Amino acid sequence: MKVIKTISAFGLVAILLLIGFGCDKNDDGSDDGSGSDFNRKALLENTAGNIVIPNYQDLVNQLSTLKEKTDAFTNSPGKKKLDEAQQAFKDAYVTWQHCSTFDFGPANNTLRANVNTFPVDIATINNNITTGNYDFAGLYANDEKGFPALDYLLFGKEDDQAVIDSFTNTPDAQNRKTYLNDVVKDLQDNVESVHNDWQASGGNYIEEFVNNTGTGEGSSLSFLVNELSKDWEIIKDNELGIPVGEKSIDDEKFPEKVQALYSEYSVKLALEHAKAIENIFLGRARSGADGKGFDEYLRSLDAQKSGKPLAKQIREQFGTCKQKIQAIPSPLSESVNDNESKVKDAFDDVLRNLAFIKTDMASALGVQITYQDNDGD
Amino acid sequence: MFRGESHIAPLVVFRIVFGGVMLASAIRFVANGWVKQLYVMPHFHFKYYGFEWVTAFDAVFMYALFALMGISALGIMLGLAYRWSALIFFLAFTYIELIDKTYYLNHYYFISIVSFLMIFLPAHRYFSLDVLRKPAIKITHIPRWITGVLQLQLALVYFFAGAAKLNYDWLFRAQPLQIWLPANSDLPLIGRLFDYAWVAYFLSWFGAFYDLTIPFWLSWRKTRWLAYAAVIAFHGMTAVLFQIGMFPYIMILATLIFFSPGFHQQIVEWLRYTGRMLLGLKPRVVQDLARVKYSLQGWPKKAIGTILIAHFAIQLLVPLRHVLYSGDLFWNEQGFRFSWRVMLIEKAGTAFFYVEDPSTGGEAQVDPGDHLTKFQEKEMAAHPDMVLQFAHFLKNKYKEKGIENPRVRVKDYVSLNGRGSQLMINPEVDLASREQGFHQKDWLLPLDDSPKHLASVDQDS
Numbered sequence: 220m221k222v223i224k225t226i227s228a229f230g231l232v233a234i235l236l237l238i239g240f241g242c243d244k245n246d247d248g249s250d251d252g253s254g255s256d257f258n259r260k261a262l263l264e265n266t267a268g269n270i271v272i273p274n275y276q277d278l279v280n281q282l283s284t285l286k287e288k289t290d291a292f293t294n295s296p297g298k299k300k301l302d303e304a305q306q307a308f309k310d311a312y313v314t315w316q317h318c319s320t321f322d323f324g325p326a327n328n329t330l331r332a333n334v335n336t337f338p339v340d341i342a343t344i345n346n347n348i349t350t351g352n353y354d355f356a357g358l359y360a361n362d363e364k365g366f367p368a369l370d371y372l373l374f375g376k377e378d379d380q381a382v383i384d385s386f387t388n389t390p391d392a393q394n395r396k397t398y399l400n401d402v403v404k405d406l407q408d409n410v411e412s413v414h415n416d417w418q419a420s421g422g423n424y425i426e427e428f429v430n431n432t433g434t435g436e437g438s439s440l441s442f443l444v445n446e447l448s449k450d451w452e453i454i455k456d457n458e459l460g461i462p463v464g465e466k467s468i469d470d471e472k473f474p475e476k477v478q479a480l481y482s483e484y485s486v487k488l489a490l491e492h493a494k495a496i497e498n499i500f501l502g503r504a505r506s507g508a509d510g511k512g513f514d515e516y517l518r519s520l521d522a523q524k525s526g527k528p529l530a531k532q533i534r535e536q537f538g539t540c541k542q543k544i545q546a547i548p549s550p551l552s553e554s555v556n557d558n559e560s561k562v563k564d565a566f567d568d569v570l571r572n573l574a575f576i577k578t579d580m581a582s583a584l585g586v587q588i589t590y591q592d593n594d595g596d
Numbered sequence: 003m004f005r006g007e008s009h010i011a012p013l014v015v016f017r018i019v020f021g022g023v024m025l026a027s028a029i030r031f032v033a034n035g036w037v038k039q040l041y042v043m044p045h046f047h048f049k050y051y052g053f054e055w056v057t058a059f060d061a062v063f064m065y066a067l068f069a070l071m072g073i074s075a076l077g078i079m080l081g082l083a084y085r086w087s088a089l090i091f092f093l094a095f096t097y098i099e100l101i102d103k104t105y106y107l108n109h110y111y112f113i114s115i116v117s118f119l120m121i122f123l124p125a126h127r128y129f130s131l132d133v134l135r136k137p138a139i140k141i142t143h144i145p146r147w148i149t150g151v152l153q154l155q156l157a158l159v160y161f162f163a164g165a166a167k168l169n170y171d172w173l174f175r176a177q178p179l180q181i182w183l184p185a186n187s188d189l190p191l192i193g194r195l196f197d198y199a200w201v202a203y204f205l206s207w208f209g210a211f212y213d214l215t216i217p218f219w220l221s222w223r224k225t226r227w228l229a230y231a232a233v234i235a236f237h238g239m240t241a242v243l244f245q246i247g248m249f250p251y252i253m254i255l256a257t258l259i260f261f262s263p264g265f266h267q268q269i270v271e272w273l274r275y276t277g278r279m280l281l282g283l284k285p286r287v288v289q290d291l292a293r294v295k296y297s298l299q300g301w302p303k304k305a306i307g308t309i310l311i312a313h314f315a316i317q318l319l320v321p322l323r324h325v326l327y328s329g330d331l332f333w334n335e336q337g338f339r340f341s342w343r344v345m346l347i348e349k350a351g352t353a354f355f356y357v358e359d360p361s362t363g364g365e366a367q368v369d370p371g372d373h374l375t376k377f378q379e380k381e382m383a384a385h386p387d388m389v390l391q392f393a394h395f396l397k398n399k400y401k402e403k404g405i406e407n408p409r410v411r412v413k414d415y416v417s418l419n420g421r422g423s424q425l426m427i428n429p430e431v432d433l434a435s436r437e438q439g440f441h442q443k444d445w446l447l448p449l450d451d452s453p454k455h456l457a458s459v460d461q462d463s
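Each protein sequence line maps, in turn, to chains A and B. Residues 220 to 596 (this note's numbering) make up the first sequence, in order. Residues 3 to 463 (this note's numbering) make up the second sequence, in order.
Next up, chain A with everything else stripped away, as it sits in the complex (with noise of 0.2 Å):
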């Protein structure tokens, strides 16, 4: 009887212990991150401070800069105004997709549905331009704005002098140099908004978010690496499988479909988008500057695959997307049928990344993905 007093007296008492240990450690939040002992906070301020923030500010710049563009372009259409304005938002669609993971939070899962839906309905925009009517807070307006919209609008004509001329020469001219305008205002107002809700000096999201720091649903860490995945599926479906017949069992393709059709900017956007989340993931700001990301935190969890960190692996599929989507050449649109390996290549390695993100990162980081119970079976 004895002997079993003690043996149970024994681990009571250990877990008492332990959690008096627990007290004892200092819990003043500073730490080198050094050994298993990883801050998540790190993680989540590096995140915020260095590439959510910054890329929104980058964003509101350029949507700016667009703005001043459009507006000088359709109150006195030409070519080099025309320019201008596609240079602009070329370069705005490029930083968007260094924005567009991050649809939690402020951007409410809704930011990347109204700003980049695509293919656009060509027969509602050209309908609207038309009538006048139209209402882009409507829930089924996602496809008749954005960037895909501007895309068709600035580029949608056999040359710029068409559509030069589709501002200048047509009965509703007028209608398409406001509906341009609307497009890009509702624009601004949709990232200036979110960008807002971000900052300290605006909704101060950025504090919750860093606060945020388990690993539960709701938890920062859950919401950067669901929309991760879910960002990192967007190139593989829609910037790459459906344009090049991955999703139809008759093999149909839809060239139709890509993103950024008529600016045929479509290589460098899914490129783009690539390097957006491997910065996510590498903790890295677009300036190059290097901070605490996913794979410090692998590393310090000592995650293996095959014999290799999980972090390097991941890293080197990251190269390997890169390299096949540069390989692929463009316009996208014809690639799919003169160069169909290369975009089935290319979509193939994205996909084989998908799988590390969505299995091999988030069972390393335990990041739960339901709020219901589960007892791990």
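Keep in mind that a hint or two might mislead.
[Stated by the list, open to error] A few chain A residues that face chain B, going by a derived Cβ cut-off under 10 Å, partial list only: (1) Phe-257; (2) Leu-440; (3) Leu-520; (4) Ile-576.
[What the hints assert, rightly or not] Calculated cross-link-like contacts (lysine-lysine; reagent style DSS-like; alpha-carbon spacing at most 27 Å): (5) Lys-541(A) to Lys-527(A); (6) Lys-449(A) to Lys-376(B); (7) Lys-413(B) to Lys-472(A); (8) Lys-449(A) to Lys-399(B); (9) Lys-399(B) to Lys-376(B); (10) Lys-401(B) to Lys-466(A); (11) Lys-487(A) to Lys-299(A); (12) Lys-413(B) to Lys-527(A); (13) Lys-466(A) to Lys-399(B).
No lab work stands behind these hints: they were computed from the structure. Given the structure is predicted, the values throughout are model-derived calculations rather than measurements. Note that beta-carbon positions come from the ideal geometry of N, C-alpha and C, so glycine has one too.
For chain A, the structure is supplied; the task is to place chain B on it using the hints.
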């Protein structure tokens, strides 16, 4: 454990606690919006083999079913129309669990079993509304085997849960705790400890020891209070660390059944006293005037005896059925469920399906997320039987689209307890041609458990 007789109070307290917690669980489930999220919204449900007929119908049906479950739980708690309440609760609860195996939890299975046993126990014949209605049914003493049934069931759960922990990953890699504990390192006070590997090892070994032996410590009068403190500490800790809902509270309350009849008599008297006060009645302590024994005779005795013996025989054999299958149990999961393998594996997967039209050779890559909820998608990717079901769903879907004999393949990358992801299912096999059932699945790939897949202690630069 099974001979002699004692006061009925332990059984009565168990009835009240069980009914009360079940009522709370039902309310919690509805309040969390889970009825809608888990049963009404999904287009597709993963059925248990042989229970394909169990369906969710519509929202009205599901809410009615939950209402029925809540009301019958209340009936159990109050001891009102008790046998019917227990029967209805068992049926309603089990039906809900059978709708979709995505949501399988060992503790749901536990609740089904306990409510089944409760149907046969005379838990309403003391301190209940039934006694108030029909004083003649009141009894004060029951044979020991009645509480023994509940104690044995609990002991089996703990024992099998403990035995399941005696495996390489749990004991010598401290997995999955090495993944789950650091994920909780932001907890106040104890969180920092979870970054240390030795804590994961300590808790793994302690957990196995606890599960294997706790029923014995609880049964011994001399160690009982200490053991119960350990119960509270252990389950309390799991409640803080893991997303396991009501389970810790159920176990903390259920293990009270190991306490002495005298202890439970005090609880009943306290309940009676406070109950009367709350109702505005004059508090009084009721003494049992006469000792009335529970007697079970004739065919009911034989029937209940047979049912209980069959029940426990099944309970002993079902957790062991995995020996009939080859392959790694945690990887292939043939014979994994209904075996008290709780909190044992961190498993996640991503499944990419490929549907081919054999007449043209054309092939579509299909993501399950288009048809499943996030939760279903995650659970499916880690469970071969669910992958097969989904493959059949895709087969039928494409048949409806006019494709004759579509072939369905899958690339399912799965990670188990911190091993890097590997393909779990042969990507060349046409799953549309494979049948569901209890036979050995020949399309599973073995777990490559060579050291290259295990975490090493070396850090790269």
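Taking the hints in turn, this is what the structure says about them:
A least Cβ separation of about 7 Å between Phe-257(A) and chain B falls short of the 10 Å threshold, and the interface hint therefore holds. The beta carbon of Leu-440(A) comes within 9 Å of a beta carbon in chain B, closer than 10 Å, and the hint placing it at the interface holds. Proximity of Leu-520(A) to chain B holds as hinted, the smallest CB-CB distance being about 6 Å (cut-off 10 Å). Because the smallest distance between the Cβ of Ile-576(A) and any Cβ of chain B comes to about 8 Å, under 10 Å, the interface hint for this residue holds.
Our distance criterion of 27 Å between C-alpha atoms is met by Lys-541(A) and Lys-527(A), whose separation comes to about 21 Å. At most 27 Å may separate the alpha-carbon atoms for a hinted pair to count; Lys-449(A) and Lys-376(B) meet this at roughly 11 Å. Restraint check: the Cα-Cα separation between Lys-413(B) and Lys-472(A) comes to about 23 Å, which is no more than 27 Å; the hinted pair holds. Proposed proximity of Lys-449(A) and Lys-399(B) is supported: the alpha carbons are some 24 Å apart, at most 27 Å.
Restraint check for Lys-399(B) and Lys-376(B): the C-alpha separation of about 20 Å stays at or below 27 Å, so the hint holds. A C-alpha spacing of about 16 Å is found between Lys-401(B) and Lys-466(A), which places the hinted pair at or below 27 Å, so the restraint holds. Pair hint Lys-487(A) plus Lys-299(A) holds up; C-alpha atoms about 23 Å apart against a cutoff of 27 Å. This hinted pair checks out: Lys-413(B) and Lys-527(A) have alpha carbons roughly 22 Å apart, not beyond 27 Å.
Using a Cα cut-off of 27 Å, the hinted pair Lys-466(A) and Lys-399(B) holds, with the two alpha carbons roughly 15 Å apart.
Checked against the numbered hints given earlier, the structure satisfies every one of them.
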